[in-house]
Amino acid sequence: MLKAYKEKYAKDLIQYSIIDLTGLIVESDGVLFPNMENQNIGDIHPFFECFYPLLLSKDEELVFSCIHLDYNGKSIIGDVILKTFDGVKLPLLTIHDLTSHYNNYQTTAQVRNESVIHSQILELKNSYLKEKEEFKNTFIANFSHELRDPLTGIITFSDILEKSGLNQQQQNYLDIMKSSSNFLKKMIDDILDLSKIEVGKLNLVIEPFDLIELIEDLKQSYTIKAKQKGLEFHSNFSEKLPKVLGGDALRLRQVLSNLLNNALKFTQSGSVTFNVSLNQIRAQKASIHFEIIDTGIGINEENIDAIFNSFTQINDQNSFKGVGLGLSIAKYLVELTKSKINVTSEYGKGSTFSTSINFLANQTLKLSKKTQPKPIIFDKDRKYNILLVEDSEITQLSVLKILASKGQFFLDIVNTPEDVISKITNFDNEFDLVLMDIKLKEKDGDDIAKLIRKLPEKQHRKIPIIALTAKVFEEDLKRYKKAGINDVIKKPFDQVSLLDTMSKYLK
Amino acid sequence: MKISKKIVLLGHFGVGKSSLIRRFVENTFSEDYKVTIGVHILKKNVTLTEADKDVSLVIWDLEGNDDINNTRMSYLLGTNGFIYVFDVTRPSTYQNLESDLKFIESKYANIPIKVVGNKKDLVTNEFIKQNNEKFGRLTNCYTSAKTGNNVEDLFNKLAEELIK
Numbered sequence: 001m002l003k004a005y006k007e008k009y010a011k012d013l014i015q016y017s018i019i020d021l022t023g024l025i026v027e028s029d030g031v032l033f034p035n036m037e038n039q040n041i042g043d044i045h046p047f048f049e050c051f052y053p054l055l056l057s058k059d060e061e062l063v064f065s066c067i068h069l070d071y072n073g074k075s076i077i078g079d080v081i082l083k084t085f086d087g088v089k090l091p092l093l094t095i096h097d098l099t100s101h102y103n104n105y106q107t108t109a110q111v112r113n114e115s116v117i118h119s120q121i122l123e124l125k126n127s128y129l130k131e132k133e134e135f136k137n138t139f140i141a142n143f144s145h146e147l148r149d150p151l152t153g154i155i156t157f158s159d160i161l162e163k164s165g166l167n168q169q170q171q172n173y174l175d176i177m178k179s180s181s182n183f184l185k186k187m188i189d190d191i192l193d194l195s196k197i198e199v200g201k202l203n204l205v206i207e208p209f210d211l212i213e214l215i216e217d218l219k220q221s222y223t224i225k226a227k228q229k230g231l232e233f234h235s236n237f238s239e240k241l242p243k244v245l246g247g248d249a250l251r252l253r254q255v256l257s258n259l260l261n262n263a264l265k266f267t268q269s270g271s272v273t274f275n276v277s278l279n280q281i282r283a284q285k286a287s288i289h290f291e292i293i294d295t296g297i298g299i300n301e302e303n304i305d306a307i308f309n310s311f312t313q314i315n316d317q318n319s320f321k322g323v324g325l326g327l328s329i330a331k332y333l334v335e336l337t338k339s340k341i342n343v344t345s346e347y348g349k350g351s352t353f354s355t356s357i358n359f360l361a362n363q364t365l366k367l368s369k370k371t372q373p374k375p376i377i378f379d380k381d382r383k384y385n386i387l388l389v390e391d392s393e394i395t396q397l398s399v400l401k402i403l404a405s406k407g408q409f410f411l412d413i414v415n416t417p418e419d420v421i422s423k424i425t426n427f428d429n430e431f432d433l434v435l436m437d438i439k440l441k442e443k444d445g446d447d448i449a450k451l452i453r454k455l456p457e458k459q460h461r462k463i464p465i466i467a468l469t470a471k472v473f474e475e476d477l478k479r480y481k482k483a484g485i486n487d488v489i490k491k492p493f494d495q496v497s498l499l500d501t502m503s504k505y506l507k
Numbered sequence: 001m002k003i004s005k006k007i008v009l010l011g012h013f014g015v016g017k018s019s020l021i022r023r024f025v026e027n028t029f030s031e032d033y034k035v036t037i038g039v040h041i042l043k044k045n046v047t048l049t050e051a052d053k054d055v056s057l058v059i060w061d062l063e064g065n066d067d068i069n070n071t072r073m074s075y076l077l078g079t080n081g082f083i084y085v086f087d088v089t090r091p092s093t094y095q096n097l098e099s100d101l102k103f104i105e106s107k108y109a110n111i112p113i114k115v116v117g118n119k120k121d122l123v124t125n126e127f128i129k130q131n132n133e134k135f136g137r138l139t140n141c142y143t144s145a146k147t148g149n150n151v152e153d154l155f156n157k158l159a160e161e162l163i164k
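From first to last, the protein sequence lines stand for chains G and B. For the first sequence, position 30 matches number 30 in the working numbering, and the numbering has no gaps at all. For the second sequence, position 161 matches number 161 in the working numbering, and the numbering has no gaps at all.
Do not rely on the hints blindly, as some may be mistaken.
Below 27 Å or equal to it, Euclidean Cα-Cα: the simulated DSSO-like pairs (lysine-lysine) are [to be verified]:
| hint | chain 1 | residue 1 | chain 2 | residue 2 |
| --- | --- | --- | --- | --- |
| 1 | B | K43 | G | K132 |
| 2 | B | K129 | G | K136 |
| 3 | B | K146 | G | K125 |
| 4 | B | K134 | G | K132 |
Stretch-level coverage of chain G by chain B, calculated; a stretch enters the list once three of its residues show a Cβ under 8 Å from a Cβ in chain B [as the list claims (entries may be wrong)]:
| hint | region |
| --- | --- |
| 5 | 49–58 |
| 6 | 95–109 |
Hints listed in this document are in silico derivations from the structure and should not be mistaken for laboratory results. Ideal placement from N, C-alpha and C gives every residue a C-beta, glycine not left out.
Go ahead and model the full structure; you've got the sequences and the hints to work with.
Next comes the structure, spelled out in structure tokens:
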């Protein structure tokens, strides 16, 4: 029975051939490739050329798997076995047709290899983009940082100049300088904000805040700005608006300021209208609708999406100041609240920017009591020894001028780590406070702070240290705290911010 | 008598070994990637003008492998010359270059090896210069099976070396 089945169903998948030592096929059953007899093996297929040296071996079995063979129009994929013998017996060649099996394997290998290559290419693209992004952000952070020292100089010396008895014309010139430096400072802050947003390092700080106070404050400020430009400013605040909400007031103010600035910037005549209303309060959440309408130049529909791209200004006439970051930042910040900014506009007639943002709204939200800014007071009967660690001459001079104007400070300036330690540990110097730049040439300021905190004498290691720096990302502040730095003054600083922070540590 | 030389192409999968051979033997190129399984053997006769000799190159296109230890050793019997191919755009294909070459040299001492960075058309010359360190000092040339750049030259130079 089995024999009958075998005869009926067996497939001829193996070809047997006998070859002489010169490669001539003496005998072949022709099961796979007919007409091989009396041919030289090397003429059948180039694969067999490798057989010539092997034919002389004795009693060996050489297996070649998965060989692609074609002869006389027929192609197979199979295993080839060459068996040589001791004595006079001629070598035996067997060809096993495994085409079907290997074709299945090919399909599997194709899928696997394509997937591996695809993921490798994706990984490479990602790492390339990441590298590019990191370079851009580092460049922006460094560049902005480098701008802060000269800006500190401009701001400080503008303040000093203002108190030097200027005539009206000089005062006017100075006002222009101050306004320009404020504009520059705003742009640097915007660029840094954007770089923080793009690397996902900007998080909202949710706290109770006074919505009414915030929008009234904006109304007051932008009424003046609009008037200065000869525009009308209208505002409509719904009476149903809740007073206390939970949200990030600083960032909300930034979004609304950026939208209002944008409206003022692109409106040459007519008005800007600022509307705020309540959509609803549900499940302890208040949805507030903000709307800013202008009668400005308007935007073509096809350009609406592009206005939110960084460094984009649709109007290319250069008649509008700015680098085009305001709307981009506003968009990102609103997206952080899981909302979006809607724009409707008609070219030549004006635009409306609106957004609805959800805030926390419940009875437990309490505003923190406002403390009046304390006057900056130092003990009049004493003088303070301050050590400034700073390598920027502009900042050195700025601090020197500010402190000299108070007449209560002795200032020592150093810029190397060795000098810091030797100054502090010299018992002739009893420093009351150290002002420490962070980005120093030889060693970072926070590393020097660590050295100070490890000094053996308590009076030395306990000196208050205040960082003077432009690097104030969340992770930077954590690092300063860990290094034992008591406080941070952000560059560019002015007289008030410097003295105010110092006064906390000088009793 | 015509000289016949066996050349084996080694390297990871997807680096373009089959494309290099197809470009050299048939002067064709396809963007479609078809995985090679086992081995394809092709033959091309070349005339080396300087040496004034005809050589029959029997070129073995081996299945790509990310670990050279997995190469079927029977394929390498009687090899006269190796071409080790990597893809200049995929670091995984050249990160073990030195150890792979050591492996080949340890088993087939004195057999010439040409190391080739393929897919040159996908990168700039500047990129190749910048990454020269990564590609290893052993790389002999950069080719493009797509454009044919340096392909003929690669096989001819190896053939010349093989008949010396």
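Problem set entry | Hint numbers not upheld by this structure, sorted from lowest to highest | 1
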